[in-house]
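Participant: Each chain is listed here by its residues.
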Amino acid sequence: GQQLNQSPQSMFIQEGEDVSMNCTSSSIFNTWLWYKQEPGEGPVLLIALYKAGELTSNGRLTAQFGITRKDSFLNISASIPSDVGIYFCAGMEYGNKLVFGAGTILRVKS
Amino acid sequence: NAGVTQTPKFRILKIGQSMTLQCTQDMNHNYMYWYRQDPGMGLKLIYYSVGAGITDKGEVPNGYNVSRSTTEDFPLRLELAAPSQTSVYFCASSRGPYNSPLHFGNGTRLTVT
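Read top to bottom, the protein sequences are chains A and B. Residues 1 to 110 in the numbering used here are what the first sequence spells out, letter by letter. Residues 1 to 113 in the numbering used here are what the second sequence spells out, letter by letter.
One should not assume that every hint holds.
Stated by the list, open to error - Below, in silico cross-link-like pairs of lysine-lysine (DSBU-like), each with a Cα-Cα straight-line distance of 30 Å or less:
id	chain 1	residue 1	chain 2	residue 2
1	B	LYS44	A	LYS51
2	B	LYS9	A	LYS70
3	A	LYS70	B	LYS14
4	B	LYS44	B	LYS57
5	A	LYS51	B	LYS57
Think of the hints as simulated: they come from the structure by calculation, not from any bench. In this text the structure is predicted, and so the values were computed from the model without any measurement.
Produce the entire structure from the sequences given, and follow the hints as far as they go.
Facilitator: This is the structure in structure tokens:
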């Protein structure tokens, strides 16, 4: 099956720092999504991107859909302790199915 | 405001036993999905359904079966549990059919020993 390359695998940052993570694919996707997962819970949708070049914000989170439709990035500004978790990118295939990256583990030092 | 509900939260099975993971959603979504999540890896699609009576295989369907007799419910069946099926299982739903984000349940952690 298709695979997404998500990086970095993990980050340990100081509270207040900005965070950047990205996802690349060998295939084109028409929709990119970013999810966050906290321990013991399912992934929760953060941002959905529907058009190449689209830049969308949700509070301190900003995500972009790459022009080539093969990549996306997520930025978190001024990180806080509750940002801790695993962040997943996902590309949407035909038939409304998601292909996930392996996730970025974010730890925040306060 | 329940969303997607999965039961049980945890289960330990012996090799060769069978069980059904339950999933129900109250959002009247047509599309439902089962994913498994292994440590350090993203979620992989096991089976999905685009409506009652219709199911199809995902990327990793071997060892599993599903049924969809109602819009609300999408149970996942393991017939002969194997250690390789130790994982966290997530059910999800979406409105479908295009560009509709998936909403996930809180998962079932299954250990097969």
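Participant: Confirm or reject each hint.
Facilitator: Verification of the hints:
1. LYS44(B) x LYS51(A): 25 Å, holds
2. LYS9(B) x LYS70(A): 36 Å, violated
3. LYS70(A) x LYS14(B): Between LYS70(A) and LYS14(B) the Cα gap is close to 42 Å, so the pair fails against 30 Å, i.e. violated.
4. LYS44(B) x LYS57(B): 12 Å, holds
5. LYS51(A) x LYS57(B): Distance of about 28 Å is within 30 Å: holds.
Figure legend: structure checked against the earlier numbered hints; hints not met, in rising order: 2 and 3.
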